[in-house]
Amino acid sequence: VDSGEDLLRAITQHQILVIEGETGSGKTTQIPQYLMEDVRLHSRRNEIGCTQPRRVAAMSVAARVAEETGVKLGNEVGYSIRFEDCTSERTVLKYMTDGMLLREFLTEPDLASYSVVIIDEAHERTLHTDILFGLIKDIARFRSDLKVLVASATLDTERFSCFFDDAPVFRIPGRRFPVDIFYTKAPEADYLEACVVSVLQIHVTQAPGDCLVFLTGQEEIEACCEMLQERCRRLGSKIAELVVLPIYANLPSDMQAKIFSPTPPGARKVVVATNIAETSLTIDGIIYVIDPGFCKQKSYNARTGMESLIVTPCSRASANQRAGRAGRVAAGKCFRLYTAWAFKHEMEETTIPEIQRTNLGNVVLLLKSLGINDLIHFDFMDPPPHETLVLALEQLYALGALNHLGELTKMGRRMAELPVDPMLSKMILASEQYKCSEEVLTIAAMLSVNNSIFYRPKDKVVHADNARMNFTVPGGDHLVLLNVYNQSGFSTQWCYENFIQFRSMRRARDVRDQLEGLMERIEVEVVSSLEDSVPIRKVTGYFYHTARLSKGGYKTVKHQQTVYVHPNSSLFEEQPRWLIYHELVFTTKEFMRQVIEIDSGWLLEVAPHYYKSKELEDSSSKKMPRKQGKTKDELG
DNA sequence: GAGCACTGC
Numbered sequence: 001v002d003s004g005e006d007l008l009r010a011i012t013q014h015q016i017l018v019i020e021g022e023t024g025s026g027k028t029t030q031i032p033q034y035l036m037e038d039v040r041l042h043s044r045r046n047e048i049g050c051t052q053p054r055r056v057a058a059m060s061v062a063a064r065v066a067e068e069t070g071v072k073l074g075n076e077v078g079y080s081i082r083f084e085d086c087t088s089e090r091t092v093l094k095y096m097t098d099g100m101l102l103r104e105f106l107t108e109p110d111l112a113s114y115s116v117v118i119i120d121e122a123h124e125r126t127l128h129t130d131i132l133f134g135l136i137k138d139i140a141r142f143r144s145d146l147k148v149l150v151a152s153a154t155l156d157t158e159r160f161s162c163f164f165d166d167a168p169v170f171r172i173p174g175r176r177f178p179v180d181i182f183y184t185k186a187p188e189a190d191y192l193e194a195c196v197v198s199v200l201q202i203h204v205t206q207a208p209g210d211c212l213v214f215l216t217g218q219e220e221i222e223a224c225c226e227m228l229q230e231r232c233r234r235l236g237s238k239i240a241e242l243v244v245l246p247i248y249a250n251l252p253s254d255m256q257a258k259i260f261s262p263t264p265p266g267a268r269k270v271v272v273a274t275n276i277a278e279t280s281l282t283i284d285g286i287i288y289v290i291d292p293g294f295c296k297q298k299s300y301n302a303r304t305g306m307e308s309l310i311v312t313p314c315s316r317a318s319a320n321q322r323a324g325r326a327g328r329v330a331a332g333k334c335f336r337l338y339t340a341w342a343f344k345h346e347m348e349e350t351t352i353p354e355i356q357r358t359n360l361g362n363v364v365l366l367l368k369s370l371g372i373n374d375l376i377h378f379d380f381m382d383p384p385p386h387e388t389l390v391l392a393l394e395q396l397y398a399l400g401a402l403n404h405l406g407e408l409t410k411m412g413r414r415m416a417e418l419p420v421d422p423m424l425s426k427m428i429l430a431s432e433q434y435k436c437s438e439e440v441l442t443i444a445a446m447l448s449v450n451n452s453i454f455y456r457p458k459d460k461v462v463h464a465d466n467a468r469m470n471f472t473v474p475g476g477d478h479l480v481l482l483n484v485y486n487q488s489g490f491s492t493q494w495c496y497e498n499f500i501q502f503r504s505m506r507r508a509r510d511v512r513d514q515l516e517g518l519m520e521r522i523e524v525e526v527v528s529s530l531e532d533s534v535p536i537r538k539v540t541g542y543f544y545h546t547a548r549l550s551k552g553g554y555k556t557v558k559h560q561q562t563v564y565v566h567p568n569s570s571l572f573e574e575q576p577r578w579l580i581y582h583e584l585v586f587t588t589k590e591f592m593r594q595v596i597e598i599d600s601g602w603l604l605e606v607a608p609h610y611y612k613s614k615e616l617e618d619s620s621s622k623k624m625p626r627k628q629g630k631t632k633d634e635l636g
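According to the UniProt record's numbering, the first sequence is numbered sequentially starting from 1.
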């Protein structure tokens with residue numbers, strides 16, 4: 001940054017400032033250093049906090065700034081991410097994940113220990129960043145000494161400025177190489193085939209430089225890599241060597257690492273990637289980008305409480321981010337496999353912010369515990385759908401976290417301490433009474449590790465499925481997960497032999513350790529039920545998501561939706577009469593994932609306020625009672 | 001009988 005003095009002047013004059021700058025403009029590393037050196041802003045020994053959407057970014061930026069300023073990482077400059085606090089009493093500049101700062105509001109609602117808060121990569125609009133916007137705007141009103149910087153890429157800075165009461169926008173010039181963009185003349189019917197043809201054309205006709213292809217998921221990536229390899233084999237020595245490498249988040253780490261090895265002389269590297277290469281990792285040497293213009297996006301239907309993952313055209317902002325990946329080391333080229341007209345008229349300007357596409361159970365609980373009672377009127381930059389808030393409130397009421405006035409209960413206050421979904425925190429708290437907290441902690445940790453524990457490579461499907469069957473125990477999937485956790489011993493060798501994802505296991509262990517560490521604070525004693533699965537089944541998944549067998553499928557007890565047991569479930573063939581599911585996902589059908597068998601009588605024992613014996617009668621021919629429970633207005 | 005983009009506390 002050339003204009004450090006100007007920037008400092010602007011910061012002294014305004015409480016909130018929006019900073020617009022491309023990645024590579026040095027805003028993330030330089031600005032906090034200017035602030036640190038400036039005595040006007042730093043007469044008090046308060047911290048400068050700088051949030052990042054990703055853990056690795058927080059760590060690596062902190063390491064770089066520590067090096068540049070010649071201090072030891074963790075002293076004056078440090079970072080704080082889940083499972084890892086690398087700060088000390090001397091820390092002045094702290095890089096952290098946005099979720100971490102959000103959690104800090106629970107212990108320090110006015111962020112008193114900070115003199116400056118920087119929200120970096122604001123344009124990404126992560127769920128946590130969006131909540132921070134509302135909270136920070138609010139505290140800035142009474143903390144006039146707090147400086148707030150909102151740093152974003154070029155897009156949307158006007159909207160940020162507008163949201164923060166017309167805060168001035170300070171622009172920092174970027175340093176990036178130009179990228180030429182090419183469109184197709186007509187739409188492509190088969191974009192996978194078009195990708196393969198484009199890669200080969202680049203390989204044969206273009207100057208040296210590696211190539212990056214954006215696809216939507218594992219299956220597409222595998223298909224594309226196979227097609228490329230097959231055609232290169234057929235062309236044989238007529239063309240130079242092409243090194244084809246897949247990358248996606250679920251790929252085992254040793255295979256991921258291959259994309260970073262240098263391209264052999266005379267050869268060309270092609271990396272076939274998901275969106276992981278759009279923001280999360282950067283590959284050096286990319287000169288060509290091929291963009292078919294699609295991505296998989298999560299969406300959430302609050303009327304049914306169901307999530308789904310759908311292939312959608314990506315936004316113009318996302319397409320531009322992808323193109324930018326070609327211009328990091330030299331001038332590059334981006335080949336878009338859609339027409340210029342489609343780019344202009346058919347693609348959205350920006351991606352829909354996450355807050356509008358996700359379940360908000362834990363966010364609502366967090367805001368309630370910060371004393372924000374009227375969520376409908378909370379200052380969201382883009383408010384979530386009304387139904388999403390209503391469903392979250394309904395769920396929290398059912399779990400006993402809110403009373404009928406929508407106020408936080410003592411139970412809710414304890415639940416908010418745990419960094420997991422409300423259903424999981426409720427079951428952990430309930431496990432105390434049923435003397436099985438030891439097991440329930442493990443189950444909660446395993447359920448909160450979203451991506452699959454079971455590794456199922458295409459060429460070893462039979463082996464993988466056999467390995468998985470060996471973990472089957474009576475009762476349901478929660479107990480299978482508990483069994484896997486207890487057997488694993490966290491050995492890479494064991495995981496490999498049993499087709500278990502080691503990364504997921506390590507994560508489950510970290511989560512479990514963290515949760516166990518919080519048990520004292522919420523006054524839950526850690527005890528084991530010793531082999532008895534009944535108490536575990538009474539509390540796991542908790543009673544909120546129940547379904548009963550009903551001609552060929554299941555019906556949810558509270559909303560009478562037709563749903564099915566997922567074919568990967570250990571209960572797929574058993575089809576028990578009553579069960580509890582952890583989540584609903586819509587793919588080819590409405591599926592319940594992670595289910596456990598229960599006795600309907602338990603529901604009256606565990607949740608008498610929520611179930612009436614009439615709803616639990618077993619004569620399926622009988623007309624179902626009308627929906628009971630609280631209405632929207634009562635919950636407000 | 002399915003098929004899981006990416007993050008984060």
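In short, the hints are calculated from the structure, not lab data. Incorrect hints may have been included.
[What the hints assert, rightly or not] Distance windows between CB atoms, simulated:
id: 1; residue 1: 373; residue 2: 178; range: 21 to 29 Å
id: 2; residue 1: 349; residue 2: 208; range: 16 to 24 Å
id: 3; residue 1: 372; residue 2: 560; range: 48 to 56 Å
id: 4; residue 1: 26; residue 2: 108; range: 26 to 34 Å
id: 5; residue 1: 413; residue 2: 229; range: 51 to 59 Å
id: 6; residue 1: 12; residue 2: 386; range: 38 to 46 Å
id: 7; residue 1: 34; residue 2: 75; range: 15 to 23 Å
id: 8; residue 1: 614; residue 2: 513; range: 41 to 49 Å
id: 9; residue 1: 185; residue 2: 258; range: 55 to 63 Å
id: 10; residue 1: 222; residue 2: 614; range: 50 to 58 Å
id: 11; residue 1: 562; residue 2: 604; range: 19 to 27 Å
id: 12; residue 1: 298; residue 2: 206; range: 51 to 59 Å
id: 13; residue 1: 517; residue 2: 371; range: 20 to 28 Å
id: 14; residue 1: 372; residue 2: 12; range: 51 to 59 Å
Ideal placement from N, C-alpha and C gives every residue a C-beta, glycine not left out.
Hint by hint, which ones does the structure fall short of?
Violated hints (numbers, rising): 1, 2, 3, 9, 12 and 14; every other hint is consistent with the structure.
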